[in-house]
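> Letter by letter, the chains look like this.
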Amino acid sequence: MFHDHPSDQRASADRTPGDSAAATPQASGSGFGRRGFLRVLGLGALSVVPLPLVSELIRGESGDAEAEPVHGQGAAARTRDGRIRQWTMIIDLRACDGCQSTGQPPRCTAACIEGHFAPEPMEWMQVFEADLAGGGTQFIPTPCQQCQNPPCVNVCPVAATFSTPEGTVLIDQERCIGCRICMAACPYDRRFFNWGNAPVPPEAFLADYSPEHQVPAKKGTVMKCDFCPDMARTGTLPYCVQGCPQNAIWYGDLEEDIATNGREIQSASRLLSESGAYRLKEDLGTEPRVHYIPGHGEAAGRDAFEPGRLPTEWPWMERAEGAVTWRR
Amino acid sequence: MAALNDWQERLEETALEPVRRTGRRFWAVVVTLVAIIGWGAYAYSVQLRDGLVVTGMRDRISWGLYIATFVFFIGISHAGTLISAILRVSNARWRTPVTRMAEFVTVVALICGASFVIIDLGRPDRLLNVFIYGRWQSPIIWDVLAITTYLTASVTYLFVPMIPDLALFRDRLADRSSRWRGWLYRTLAIGWHDRPAQRRSLGSAIGVLMILIIPIAVSVHTVVSWIFAMTMRVPWDSALFGAFFVAGAIFSGIAILIIVMAILRRAYHLEEYVTEKHFVYLGYLMAAFAAIMIYANISELLVHGYKLREGVEFHFRQLFLNEFAPLFWFYLLGGLVAPIVIALVPATRNVRGMVAAAILVTLAMWIERYFIVVTGLRVPLMPYEPASYAPTWVEWSLLAAGLAAFALLITVFTKIFPIIAVWEVAEDHEATAVDAGAAIPTGAIPAVDRPRLAEEGGR
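Chains as they are written, first to last, in numbering that gives the first Met the number 0: chain A, 0 to 327; chain B, 0 to 458.
Read the hints as simulated data drawn from the structure, not as lab findings.
From the structure, some residues in chain B lie toward chain A, with a derived Cβ separation under 8 Å: (1) Arg122; (2) Ile226; (3) Pro382.
If you want the footprint, here are the derived chain A segments under chain B, 3+ residues with CB under 8 Å: (4) 127 to 138; (5) 172 to 179; (6) 194 to 207; (7) 213 to 220.
Rough simulated footprint, nothing fancy, chain B against chain A, three-plus residues with beta-carbon under 8 Å: (8) 151 to 159; (9) 182 to 188; (10) 312 to 326.
Note that the Cβ used here is the ideal one computed from N, Cα and C, for glycine as well.
Could you put together the complete structure from these sequences and hints?
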């Protein structure tokens, strides 16, 4: 068909006239081809204008989507003179013996699970046992580190996980699409996924869902420690702080410079400075809001060379009907 | 000229053959593939009902076979770009009989790859949130952007050079095929009548597209790598990742193209046009990219391994000595070294050798994608026992369904669209005949180093 045509006339003479007319009734002269291709190209280029722009168009109507209030999220707590509180946690490892002295699994984890109906095997407040440089071990209760430069918030495609004015990081399980890139991004292993219908007791379904409480759990979404800002605003300490028998966990507000472990009140900055507190993986630049005072339970009378803690239990498992569990 | 006319006639007949005749073997293949896809659909319905708990993924290894397969498919989608755009830009004429197949592979692989991201979602019912609440800061949104752009561009790039062939189908199949076919070819040929002005337009359209599509293709796989490289996981924390992924993409793309070529060549008797030369040339290209991959691996592993920062020792042990060692060594030796050896040894420098090398490369590159995802997540972040991951039957079923969908889409494409770029092959044949100053034996393809014809400019 394309071989050896000395002239255009010859090429069109090759074709049957009827066919030509039927295919291109509007063809008049050689301009059609060019216009046809330009149209194809133009349409192609137009559809290259990619789909994500749709979100910009939608948002153009209703303002900034990220500024919309999330269902159930309370107004930020403020000091008397109107400054927004900046929640912080200071964990005194000198006083943490992994609940060896109580003969029970770590109480902070248990209290958190009972308060949040955190499904098995999620330990939002998890007590890790780490080796000490000179031998022996220390226990490290690890909640979400509430980073000020949070890698998880950076990568979330739909702003389902977000930083709050109080300096915490929350997850809106009603928006989360379950892509799990935040779990890949978190350097502290502090994010948990609802792989199936999570085991929760019946009463959990009475709760009004809020990203500050995350009850009940929703299948196919990510969960983690929420730092209990809803409780702090009403003058209640987070479950883990309440649960600690050694009062090793301090909770407070960096803005007013105040922290309490439920027994004493201290200046947060003084406590941090005088005890040589550090943060986990400080070199990553994630700027956590959770601080640690170095130690291995010596204030609770623990021997650093006595390893092991009891495994965590989920107390309502027999009441969680039709639920499945999975290993971590 | 009579010989040339015969040659042209035979070429057109070969191109039309798959559309005209459909044998029992074709239906057997289609039924098998549809059955596998159906099984995959059942597996996915189980996953929708029970959640991702039916997979082997858990909190610590939270991505697995699905994401690995996504990366793999996006990788092989680079076949089309490389073969047709890069070789077109460099005016390598031997490419013409294989460009169309390469462009099919691109479009189909993109569709299959993108669907694996959706399969991996915990809440596919909220997929539209990506468009409603999408944030430009997220690498996932970059991916959505890049892949939709690349899909549009590669569909256009498949379509535009196919217009003259669609017109050929329209003319040759008029009244001899079903009504919808007639309508399809009439519509898609958009009034092509091989006028000089149309040819000029086509030439410049292809010229613009082939330049446009190269940066788009490179950006796509770079962005895919950034899903990993933008996190703080030790094995993924690398500025080389983008280039590494692009090289791997083109590498595996060539391998898949060789396999697809071999199958279609046998199924549709294309031996005259898709010759041993094409396999060997593509084998050389594949060997060159194997060398680039070896270089990238050494660079990556040495820079990490020399310093042995926290987590790297664990990562190296799992790759080279422990859990993943046998398959990782297969990737290095069977996937990267063997293709070079096969291309270098004269005894294996033939269709069979190149297809064997391509199968090795395809397997190795899928394994490499799998290891990037799984071993990267396996390095412990906190003091806990390393997690383990093994895909379940649901994941394997969906992988099988994905591969079957890939094969099925290509099979269906070959039954509707011309699998050989007839006009380009004819043009080359003519040019060669003119070059040689006499008729040349049928089936011979002009050498790459032949001087470029002035009138070929822009094409």
